[in-house]
Structure formats: structure tokens, C-alpha cells
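Novice: Quick note: the sequence shown uses the working numbering, first residue 738, plus one each step.
No lab work stands behind these hints, which were simulated from the structure alone. Cβ atoms here follow ideal geometry from the backbone N, Cα and C, with glycine treated the same way. Incorrect hints may have been included.
[To be verified] Only pairs whose alpha carbons sit at most 16 angstroms apart, straight line, appear in this in silico EDC-like list of lysine to aspartate or glutamate: (1) LYS904 / GLU916; (2) LYS913 / GLU895; (3) LYS923 / ASP892; (4) LYS908 / ASP934; (5) LYS923 / ASP907; (6) LYS792 / ASP934; (7) LYS923 / ASP958.
[As the list claims (entries may be wrong)] Label pairs and their calculated CB-CB ranges: (8) PRO760 / HIS873: 36 to 44 angstroms; (9) ALA744 / ALA893: 37 to 45 angstroms; (10) GLU860 / PRO760: 16 to 24 angstroms; (11) PHE878 / GLY748: 23 to 31 angstroms; (12) PRO760 / GLY924: 19 to 27 angstroms.
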Amino acid sequence: MPEVMFAGPDGRLEGRYHHSSEPNAPLALVLHPHPLHGGTMNNRITYAMYREFEKMGFSVMRYNSRGVGRSQGRYDGGIGEISDAAAALDWMQMVNPNARGLWIAGYSFGAFVGMQLLMRRPEITGWISVAPPANHYDFGFLAPCPCGGLMIAGDADELVPELAVHKLVDKLNTQKGVEVDYRVFKGADHIFASHADEVAAALEDHVSTVMNRRALALAAD
Numbered sequence: 738m739p740e741v742m743f744a745g746p747d748g749r750l751e752g753r754y755h756h757s758s759e760p761n762a763p764l765a766l767v768l769h770p771h772p773l774h775g776g777t778m779n780n781r782i783t784y785a786m787y788r789e790f791e792k793m794g795f796s797v798m799r800y801n802s803r804g805v806g807r808s809q810g811r812y813d814g815g816i817g818e819i820s821d822a823a824a825a826l827d828w829m830q831m832v833n834p835n836a837r838g839l840w841i842a843g844y845s846f847g848a849f850v851g852m853q854l855l856m857r858r859p860e861i862t863g864w865i866s867v868a869p870p871a872n873h874y875d876f877g878f879l880a881p882c883p884c885g886g887l888m889i890a891g892d893a894d895e896l897v898p899e900l901a902v903h904k905l906v907d908k909l910n911t912q913k914g915v916e917v918d919y920r921v922f923k924g925a926d927h928i929f930a931s932h933a934d935e936v937a938a939a940l941e942d943h944v945s946t947v948m949n950r951r952a953l954a955l956a957a958d
């Protein structure tokens, strides 16, 4: 997984990027938790999602947002971090101009940033949100949400109560054409410390199902 440095809106950003051996492979961008609470691209859940996309044949990147690790700049309350995510996406698309699809995966604060990016980039074809902080941020901007995705919560999450995530899922599922695959992990707290493999397995199951369904639909046309 080679280290990359790429231009962000507030200085250079540090990332790890795996380039698939498959021609025109789909892309995945993985976003880490809150930088002021120790969130980095090396977070266990962030890394687990990155590795799962790599195993599935994706070209995939995880990166440190501004002020984290060797990334330049300083924390910007979420606004600048959304711009950092867009810059990471730009870099991947420049390297992979003919990619078959694009997925965004975020954990905690990274899930909020990922969903903001989803609303700004119509080329995104799927998303994964692990423990989205639905009780800390207003997710009302997801109206309408452009596509369905996978949302994961822990029933023992002390920072983001499962009920708050459930309410968000219910709201999204009322939107026309949107279907959220919602999975609650028994015994998982906000850290998901012993559930990284479960998160990776859920990601693989959801992404494979969606991509196979799309391939069948294309074949039927």
C-alpha cells in the first residue's frame, strides 16, 4: 500500500493508496473518525474497510484529513474536511479516469463527511456509514439522498445511541428509490473494538450484492 501525498485545499495531504490490478476497477474512498479525538487513517475500522475493498479488487484510498499525521493545515470543524475528501476523490479519479463505479465509506465523523460528499458528487454509486453521529450532526441535508447504502450501528454505542441511527435510517427509507441496508451489531460500542471483522464482512456482503444486482440489470437491458 504505497504512501501518496496529494494537493489538498489547505496544503498537502497524506494517504495510502492501493491500485487494483484489474483494468478500470471501481474506486473506494475511506474516511477516518474525528481528528480531535484521535481519528486517523490508521484507525482499526478505517483500515479494516480499506483492506476489504482492496481484497474485492477495488482501487482504494484512505488518507489523513488536514492537521492529522503528515497532512498540512488544521482542523476546520468539518467544512474543510469535506473539501479534503473532495480533493482525495479528485486525485483518485485523475489516476483512474475510466473506473467502473465509486464508493464512499466512513466511520463516525468520517461517515458524516462521506455523506456530505455524497450530496456533492453525483458520480458516487454507493456508500457505507459506520456509527454515523446522527445525534451530533443534522443529517437533514440528505434530502433527497441520491442512492441507498449500508449503515451500521452498535447496540451498546455510548456516544451515538442506536435509536438515533435508527431514526435516520427510517427517514432515509421513506425517500423514493432509496433503500438503506441497516445492520445493528450486538454488543458493539462506538469503538467497535472487537467487531472490525464483522464490519469488513458486512461491507463485502453489501457491496457484492449491490454490484451483482447492477451487473444483472445491465445484462438484462
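Novice: Taking each numbered hint in turn, which are not upheld by the structure, reported in ascending numerical order?
Specialist: Checked against the structure, the hints that fail are numbers 2, 4, 5, 7, 12, while the rest are satisfied.
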